[in-house]
Structure formats: C-alpha cells, structure tokens
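Sequences and hints are given; from them, build the entire structure.
2 protein chains.
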Amino acid sequence: MSLVVMKFGGSSLADADKIKHVAGRIIVKKKGGNKIVAVVSAPGNTTDDLIKMADKITCSPSFREMDVLLATGEMISIALLAMAIDTMGEKVISMTGAQAGILANEDYTHARIKKINSQKIYNQLAEDNIVIVAGFQALNPRGDVTTLGRGGSDLTAVALAAALKSDLCEIYSDVEGVYTTDPRVVKNAKKINYISYDEMLEMANSGSQVLQSRSIEVAKKFNVEIHSRSTFSENEGTIITNEEKVKEKEMESFLVSGIAFDKNQAKFTISILDTINVVLKIFSKFSEVNINIDMLSQFVLDKNNIISFIVNGNDVKKAWEELDKITLNCNASISCDEHIAKISIIGIGIKNHSFVAAKIFKILYRSGIVPNMVSISEIKMSCIVNESDVLKAVAELHKGFDLSKKANKGDLQ
Amino acid sequence: MSLVVMKFGGSSLADADKIKHVAGRIIVKKKGGNKIVAVVSAPGNTTDDLIKMADKITCSPSFREMDVLLATGEMISIALLAMAIDTMGEKVISMTGAQAGILANEDYTHARIKKINSQKIYNQLAEDNIVIVAGFQALNPRGDVTTLGRGGSDLTAVALAAALKSDLCEIYSDVEGVYTTDPRVVKNAKKINYISYDEMLEMANSGSQVLQSRSIEVAKKFNVEIHSRSTFSENEGTIITNEEKVKEKEMESFLVSGIAFDKNQAKFTISILDTINVVLKIFSKFSEVNINIDMLSQFVLDKNNIISFIVNGNDVKKAWEELDKITLNCNASISCDEHIAKISIIGIGIKNHSFVAAKIFKILYRSGIVPNMVSISEIKMSCIVNESDVLKAVAELHKGFDLSKKANKGDLQ
Numbered sequence: 021m022s023l024v025v026m027k028f029g030g031s032s033l034a035d036a037d038k039i040k041h042v043a044g045r046i047i048v049k050k051k052g053g054n055k056i057v058a059v060v061s062a063p064g065n066t067t068d069d070l071i072k073m074a075d076k077i078t079c080s081p082s083f084r085e086m087d088v089l090l091a092t093g094e095m096i097s098i099a100l101l102a103m104a105i106d107t108m109g110e111k112v113i114s115m116t117g118a119q120a121g122i123l124a125n126e127d128y129t130h131a132r133i134k135k136i137n138s139q140k141i142y143n144q145l146a147e148d149n150i151v152i153v154a155g156f157q158a159l160n161p162r163g164d165v166t167t168l169g170r171g172g173s174d175l176t177a178v179a180l181a182a183a184l185k186s187d188l189c190e191i192y193s194d195v196e197g198v199y200t201t202d203p204r205v206v207k208n209a210k211k212i213n214y215i216s217y218d219e220m221l222e223m224a225n226s227g228s229q230v231l232q233s234r235s236i237e238v239a240k241k242f243n244v245e246i247h248s249r250s251t252f253s254e255n256e257g258t259i260i261t262n263e264e265k266v267k268e269k270e271m272e273s274f275l276v277s278g279i280a281f282d283k284n285q286a287k288f289t290i291s292i293l294d295t296i297n298v299v300l301k302i303f304s305k306f307s308e309v310n311i312n313i314d315m316l317s318q319f320v321l322d323k324n325n326i327i328s329f330i331v332n333g334n335d336v337k338k339a340w341e342e343l344d345k346i347t348l349n350c351n352a353s354i355s356c357d358e359h360i361a362k363i364s365i366i367g368i369g370i371k372n373h374s375f376v377a378a379k380i381f382k383i384l385y386r387s388g389i390v391p392n393m394v395s396i397s398e399i400k401m402s403c404i405v406n407e408s409d410v411l412k413a414v415a416e417l418h419k420g421f422d423l424s425k426k427a428n429k430g431d432l433q
Numbered sequence: 021m022s023l024v025v026m027k028f029g030g031s032s033l034a035d036a037d038k039i040k041h042v043a044g045r046i047i048v049k050k051k052g053g054n055k056i057v058a059v060v061s062a063p064g065n066t067t068d069d070l071i072k073m074a075d076k077i078t079c080s081p082s083f084r085e086m087d088v089l090l091a092t093g094e095m096i097s098i099a100l101l102a103m104a105i106d107t108m109g110e111k112v113i114s115m116t117g118a119q120a121g122i123l124a125n126e127d128y129t130h131a132r133i134k135k136i137n138s139q140k141i142y143n144q145l146a147e148d149n150i151v152i153v154a155g156f157q158a159l160n161p162r163g164d165v166t167t168l169g170r171g172g173s174d175l176t177a178v179a180l181a182a183a184l185k186s187d188l189c190e191i192y193s194d195v196e197g198v199y200t201t202d203p204r205v206v207k208n209a210k211k212i213n214y215i216s217y218d219e220m221l222e223m224a225n226s227g228s229q230v231l232q233s234r235s236i237e238v239a240k241k242f243n244v245e246i247h248s249r250s251t252f253s254e255n256e257g258t259i260i261t262n263e264e265k266v267k268e269k270e271m272e273s274f275l276v277s278g279i280a281f282d283k284n285q286a287k288f289t290i291s292i293l294d295t296i297n298v299v300l301k302i303f304s305k306f307s308e309v310n311i312n313i314d315m316l317s318q319f320v321l322d323k324n325n326i327i328s329f330i331v332n333g334n335d336v337k338k339a340w341e342e343l344d345k346i347t348l349n350c351n352a353s354i355s356c357d358e359h360i361a362k363i364s365i366i367g368i369g370i371k372n373h374s375f376v377a378a379k380i381f382k383i384l385y386r387s388g389i390v391p392n393m394v395s396i397s398e399i400k401m402s403c404i405v406n407e408s409d410v411l412k413a414v415a416e417l418h419k420g421f422d423l424s425k426k427a428n429k430g431d432l433q
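Protein sequences, first through last, are from chains Z and G. Count along the first sequence from 1, then add 20; that gives the number in our numbering. Count along the second sequence from 1, then add 20; that gives the number in our numbering.
Keep in mind the hints are simulated off the structure, nothing from the lab. Treat the hints loosely; a few may be bogus.
Any copy will do: because identical chains look the same in the list, a pair fits if it lies in one copy or spans two.
[Unchecked claim] For lysine-lysine, the following DSS-like pairs were computed, each having C-alpha atoms within a straight-line distance of at most 30 Å:
hint: 1; residue 1: LYS38; residue 2: LYS207
hint: 2; residue 1: LYS38; residue 2: LYS72
hint: 3; residue 1: LYS111; residue 2: LYS337
hint: 4; residue 1: LYS76; residue 2: LYS40
hint: 5; residue 1: LYS40; residue 2: LYS72
hint: 6; residue 1: LYS185; residue 2: LYS134
hint: 7; residue 1: LYS111; residue 2: LYS210
hint: 8; residue 1: LYS51; residue 2: LYS323
hint: 9; residue 1: LYS135; residue 2: LYS267
hint: 10; residue 1: LYS337; residue 2: LYS50
hint: 11; residue 1: LYS50; residue 2: LYS283
hint: 12; residue 1: LYS135; residue 2: LYS337
hint: 13; residue 1: LYS211; residue 2: LYS240
hint: 14; residue 1: LYS301; residue 2: LYS135
hint: 15; residue 1: LYS240; residue 2: LYS265
hint: 16; residue 1: LYS323; residue 2: LYS134
hint: 17; residue 1: LYS111; residue 2: LYS76
hint: 18; residue 1: LYS76; residue 2: LYS49
hint: 19; residue 1: LYS40; residue 2: LYS337
hint: 20; residue 1: LYS111; residue 2: LYS338
hint: 21; residue 1: LYS301; residue 2: LYS211
hint: 22; residue 1: LYS40; residue 2: LYS338
hint: 23; residue 1: LYS72; residue 2: LYS111
Printed below as a string of structure tokens:
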C-alpha cells in the first residue's frame, strides 16, 4: 500500500461542485489501494479577499494578526472538503497545520518549516482515515499560527511528502503540467514530461507559476518526486525529479527545456559621479528590506558611473524610497523603466554549450529584438527586452529551438 | 485598575468602519484606566455564509468539520479588530478560544465550557496588552476546535468575566438594552434599567434576542453583572443582576417587567384511541433528537385522547418524522398549526399574585383575543394566540400593565 500526498490549489476548490470533484478524485485514489494525505489551499480568491479586508482596516497590518486572518482560508477548505468526502461515505479527518504537527519558526507571514511531527498524521492513517491538511500554515514556538508565504501550500505538500516518506507527491492545479513556455502565448507550446529540479527552479524563479520555488528546493533536498497535473483531466502531467532520471527518460538530449518570461520587472539606472560604497549600500539596504536585485551591471560613461539593475515590479516603490535615501548627498540621477520584461531560456547544460547563447542572440537579432541585459547561469540564460517585444521573442525562441517537437521517451505508468 | 470584559456582536463588526469604531470604544475604555478583554463574534453574516457553503456540499455535515468551518468567522474578527487597535497605537494581541485557554467538552457544535485556564490572558494583560478573544469557540480534549452553539459568544464573555473575576461584563449589540417589549412592535416600549437574572432568562427563552440564555444562567451562577448596551450610542443600557439589587434599585415594585413574544412556534395536536406509552415515547424520542416540547396538554374527548404541545418552528419537519414513526400502528390523526405565536409576560412574583394572571386574561378577552394554551411559572405567564393576533395582544398587554411608564430609581454612573 502506497502513501500518496495530493495537493489541490485554490482554483480547484473555488465552489461546491469543484470541491465535490476533488473529493471524488481523492476517493478514487484511496480506492486504488493508497493511503492519502491531501493538502489544500484556500478556496478560489479567499486569500485575496481576506487581504482586501485587512487593507480596509490598515495599510500596515500587524504580521501576527495577518497570519491569524489568512490561516482561516485553508481552514474553510479542509472543513468543506472533509464534509464532501464524509458525505460520499469515506472515513476522513481534517487537520489544521498545527494539528498536523507542522512546526515553523517565528517569522510571521513568511515562516520556514522547522520540523514535522508526523505521528499525528500516521495515527489517523492507521485508522484508515483520509487526512486533509490545511496548507500554507504552521505553528510557531509561541503557539501562534503562522503562514509560509505565497504558494506556501506547495511547500506544505512537499515537506509532508518528505517527512512521511510518501511514494508520490501530486500537485494538482488548473494546468496540465509544466510547458515549454506559456501555452496562452505560444499555441504549440508542449507539455514537458520530465524536468529536473534545477530546471524547474529556474522556470519558477523566471515567471512560470506552476510551482512555488521553495517547494522545489525542498523536493530536491529530500529527493521528493513531484507530479504536477490537472485537477480537471486524467492526463499525465509533468514529473519533476532528479537530473539522472530526466536524462534516463529523455529520448533525445534537449539543450533547452523551456522558456519562461516575466513582465512584472523594472530596470533602475543610476548615474553618479562617485560609486564608492553606493553599490554596497544598495545591496545591503535592499537585502534588509527584502528587495531582490537581478542583473546588476556597472560601467563608466563620460566620467559618470552608470549602475543598472532589475527588481521585481512590486518592489519599485520601496526601491525608489531606499535609493532616494542612499543617494541623498551624492548628486545622482535615477531613472526607472517599468516597460521591460525578462525572458529566461532554461535547459540542462546551457553554460557548457556556448552555441546555445549564440543561437539565442541570433534568433532575437533576426527578429529585430535587441536584448539590453543578459545573464547566464549553469542552466539558464536570461535577457531583458522591451515589454512590447516579449511575446514575439518568446514565440521566435520557441520556434528556433524546435520546442514544439519536444518529445519524451516513456509515458508515465 | 478594573478589569472589564467587553463583548461585541457580529452586527457591530460588519464592515471596516464598524470594526474601527469598536476599536475606538475599546481604546477609550482602556484609557479610562481599565484592563480590557474583548470578546468578538464573527463579522456580520459570516456565520450564516459559512453555513450556506456547507449546505452546498452536504445536507448532513460532519459536526466536527462544521466546527472547524464556523470557528473561522471569529478568527477573522479577532485579527481585523487587533489590526485596527494596533494601527491606532495601542498594544493588543488576538487569541483564539484555544489560545485563551477556554476548554470545552467533546459535543461538537454545542459544546459546554468545562474550564478556563486564565493564566494565558493574565500574562498578556500584565504586559499591558488589550486581549481580543474569539467568542463561540473552545478547545476540546481531543485537541479539536469546537463551538458553543448559537449566541455562544455571549457565553464566552460571561464565562471569561467569571473566570477572570472581572469587575464588569459589557455586552455590546445594535440595541440599547432590554426593553419592556420589542420596540419595533410597541412604540412606547421602555428600556429596562435593571432586570434580574431569572426575569432575563425567561425573556431570552421567550423570544427576546438580546442575550443568549445559557450566558444568563452562567452569569447567575457566578453572580456576574452584565451591562447590555449599544455599540453605537453612549447611553446606559440594561443591567442584568441579582434580584436583591434589582429590588434595591427599582423605585416602585413592578409586577411585570416585560413582554416577550415568539412567532416561530408550532402546535401539534394528536388524536389517538390509546395513549398508553405514546406521551412517554414522544418525550423520550424528542429528547433524543433534541426537540424541546412546551405546554403539553392531554384530555379526553369522545373516547379519543387528545394530546397537544408546542415545538419551535424550526423543529416541525423533524417532529413530523418522529411522530409518524411513533404512531405508525396506532390509528392516530395528527395535525400541526404553524400560525400561532407565544406571548410571555415576565415579572418577579407573577405566581404569588394571582390577580396578574386574571388581569392578563381580562386584557386579552377585552381585545377579542382568546389564548388557547396557558402556562404559568414562578415569574412568567405564557399563552398561545393566533399569529394574526400577536401584535395587538402585545400592545394591549403593554398598555394594560402601564409598561411605558416604567421608570427606575437611580441612573447608572
């Protein structure tokens, strides 16, 4: 008998019919001879609605109270899903994060899981119960509820799969898996059958929203195989696993697995006479206030030092405030371009095959697109283009690397 | 320095502005030199909305899961109210029922409080925090959340006031206190300044919705003085206290304190040849399925035994089902009249003054209203009238007993 962790996202639980459908899928899996732990997110837009409620009260909510508020969303899901399964005649019990023994540190709104006391779940499984666990939430050492940050239910599922040594971690959502690029943008985007943790991590960090990136890190660390698939289809999705297995399963060696893009990016450019300490100050201050800097570059033009870098679009206001403070007495001029996008081409071994980078440039130039910043890592090449060029660039790259012909060796059983 | 328990109902927390208003009232009380424990219900119609969600999933929800679901409503309130107070600059902490140390038995959806570990609240008060506690919920011995039944937040407030030995328990709602009768029905209904626990209990059990009746029982048992007042007005409300204090405060001795009525009642009449065991069966079966019987009467008419009694309107369907089963082989005929109402006249010492009952009958007859069932207890006389007569009957009784002239000796300071 296998132990399967199944995770269902909010769009899979948005109304009563969808909740009943999810209950049905869980029961089918149970009747297939498995023990089931199901992790759920808040239904539909509940989390956003709760945030809006808090926004009407204050623009700077207490983090502790924000977590009390947000944790209610997943409690609604566990109760309704357990009722649905109970009504269909299967033994079931709901558990909050605390009841499931998920312990985290004290960082309200973005806590990290420290430990899972699995015994409570094992006890319920031993009584033949389907166990429904509230994702996204945990108990901190003060006895308070705390939440794991956006997409935290994926993390709950993967961490539980690791702690329970489950045979499979299935992450259900409203998409069929991971695609070579966004299928809404490129029509012949292909579903990827197998992708490595590192590639998936780069995809997630580069704008693909299928899985939360911390959950992928944890999956890699504990070698938890994830099956990302659709709640509303029986088709196999994408297996996220270790590189060896991906290589073993792939019929041909594809240098490029997928293309991700993110339009919510902004480029700051700072012109300043003296850069002494300024870059250091930016880095240390931004890290203090939780702004990630990407693609930093620095050069000299007519005695002026030019510093430019990319931040997430949501951080622009905060970044302006900090930069104004840092450059207060520096005679600096600062500009910010929010009409840019980041394109990331991801594949095992990009760095070891310099012709891949060359090919990327060639495809973009041929299409009249000039990438204005470029960074290359082990398995990813990212470039910044004008926002108006991004869809064309993605389509051309997808075609240029023949991704619509991407195929895999074996089908999943 | 006094310790004050303040309880706010759902209509006082229905939107952001109301929550901020409540936060303001709490802070004013705190700045008056008091330690504050505030108990809150779910905002507005949240509890009803959650019940509707469950109804869409199943018509027979698991009680355990129902409690997980319903407890979220009060968690939303504590978080939002704590955020509002925090933003206004006062120290505050929210607590779920479990965090506040409120322990109950295992009866999901209608648990009874067994014990309150007050130390957790004392610790927070010692750190100068305003403590916001989720009403209506508790922790049971299994470590599950459980709820205390409709109006359970009143019970939480009174039980906390008793456990914390607080100097005052203020119950805030959208009405100014307890009235001689419903002011929407009788325009010159008067607010009662002082009322005894027993009278208030009869008022609550007879249809007045100002306070939950179990909370009044607990208040009486632990001699907790309750001040029922309005969230949206500075006026003094009604003090619910022991009989001695009421007598001391009342300028004149009023035999009748108030008139309550309840239109959601139904009268069953069963005609049957042989009553052996039938009444017993009805009582025992109804108590099993939680249907309360009121005003049972039994007499013989033309060899037939006639049994009639009153049940709450919400129990009619369930009562029919049980009666059909009980009388299956009895050749009985059963009828049910849902167009009736119960009027209750409440006052200390009604039973000791038989002229009060006589006066009630006289007033009703004079108005052409024939009460068709009557019951008299120590401090209450109830009668059943046709639903169409109820408003007229209440108005005439209110006038007949001069309740609009009811006045009290001292004003509250």
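*30 Å Cα threshold - placement of LYS283 relative to LYS50*: neither (41 Å within a copy, 49 Å between copies)
*Classify it for me, LYS323 with LYS134: is the Cα-Cα distance of at most 30 Å met within a copy, between copies, both or neither?*
Answer is neither: 50 Å inside a copy and 77 Å across each miss the 30 Å cutoff.
*Are the CA atoms of LYS111 and LYS337 at most 30 Å apart within a copy, between copies, both, or neither?*
between (50 Å within a copy, 29 Å between copies)
*Between copies, within a copy, both or neither: which fits LYS111 and LYS338 at Cα up to 30 Å?*
The answer is between: 27 Å across copies meets 30 Å, while 49 Å in one copy does not.
*Between LYS135 and LYS337, at a C-alpha cutoff of 30 Å, which is it: within one copy, between copies, both, or neither?*
neither (36 Å within a copy, 50 Å between copies)
*Is it within a copy, between copies, both, or neither that the alpha carbon of LYS40 lies no farther than 30 Å from that of LYS338?*
So LYS40 and LYS338 pass the 30 Å test across copies only (27 Å; inside, 43 Å).
*Which holds for LYS111 with LYS210 at a C-alpha limit of 30 Å: within a copy, between copies, both or neither?*
neither (39 Å within a copy, 55 Å between copies)
*Quick one: LYS211 to LYS240, C-alpha cut-off 30 Å, is that within a copy, between copies, both, or neither?*
within (21 Å within a copy, 68 Å between copies)
*When no copy is named, should LYS301 and LYS135 be tagged within, between, both, or neither for a Cα gap of at most 30 Å?*
Neither: 36 Å inside a chain and 55 Å across chains, both beyond 30 Å.
*How do LYS40 and LYS337 come out at 30 Å by Cα distance, when the copy is not named: within, between, both, or neither?*
between (42 Å within a copy, 27 Å between copies)
*LYS72 and LYS111: within-copy, between-copy, both or neither at 30 Å Cα*: This pair counts as between: shortest inter-copy Cα distance 23 Å, intra-copy 36 Å.
_Homo-oligomer pair classification [LYS134, LYS185; C-alpha up to 30 Å]_ = Close inside one copy (17 Å), not across copies (39 Å); limit 30 Å.
Consistency with the previously given hints fails for numbers 7, 8, 9, 10, 11, 12, 14, 16, 21, ordered from lowest to highest.
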